[in-house]
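S.K.: Sequence:
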Amino acid sequence: MDIRVVSYDHPDARKLMAEVQLVYVERYGNEDETPMDPAEFAPPQGLFLVGYLDDVPVASGGWRAHDGPAPHFRPGDFELKRMYVVEAARGRGFARAMLAELERTAVAAGRKRAVLETGVKQPEALALYESSGYHEIPKFGLYRCEPDSVCYAKALVGP
Numbered sequence: 142m143d144i145r146v147v148s149y150d151h152p153d154a155r156k157l158m159a160e161v162q163l164v165y166v167e168r169y170g171n172e173d174e175t176p177m178d179p180a181e182f183a184p185p186q187g188l189f190l191v192g193y194l195d196d197v198p199v200a201s202g203g204w205r206a207h208d209g210p211a212p213h214f215r216p217g218d219f220e221l222k223r224m225y226v227v228e229a230a231r232g233r234g235f236a237r238a239m240l241a242e243l244e245r246t247a248v249a250a251g252r253k254r255a256v257l258e259t260g261v262k263q264p265e266a267l268a269l270y271e272s273s274g275y276h277e278i279p280k281f282g283l284y285r286c287e288p289d290s291v292c293y294a295k296a297l298v299g300p
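Sequential numbering from 142 applies to the sequence shown in my numbering.
Check the hints yourself; a few may be wrong.
As the list claims (entries may be wrong) - With a Cα cut of at most 35 Å, we get these calculated DSBU-like pairs of lysine-lysine:
| # | residue 1 | residue 2 |
| --- | --- | --- |
| 1 | LYS295 | LYS253 |
| 2 | LYS156 | LYS253 |
| 3 | LYS295 | LYS280 |
In short, the hints are calculated from the structure, not lab data.
Let's have the full structure, built from the sequences with the hints guiding it.
M.R.: Printed below as a string of structure tokens:
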């Protein structure tokens, strides 16, 4: 898989984000309504990536700086968003490769800890994050009161 930096509103990024929204509707009954500004995913405060196989977009993910407020967030935090692999490309390690590249680029930009929100109806996401060293933290964001929400964090650079 060839992972490329693209803008949040790049056509391939939009296509993959629309597909992941359909997954959310199928599993939870509605789209993710977390407020997101495309500018948040522009360097140096964020980044959006798309993975390609033979120039066909098959995976996506992004990160955005999330420096506060305490107690859930710390200076140097970044939030992972829109991790997705198309169904035909699953089971080949592309999500793990995308996660590793998101972590690498965030650390290169001075970020120290990854945070994210996912849901209990996404067992493949839970397995990926837990097997990659993420641990559960108090819920945050729009879905902090939702029983199906799960939040994780992983320190990538010392305190």
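S.K.: Against this structure, judge whether each hint is valid.
M.R.: Hints versus structure:
no. : hint            : in the structure
1   : LYS295 / LYS253 : 9 Å, holds
2   : LYS156 / LYS253 : 30 Å, holds
3   : LYS295 / LYS280 : 14 Å, holds
When held up to the earlier numbered hints, the structure conflicts with none and fits them all.
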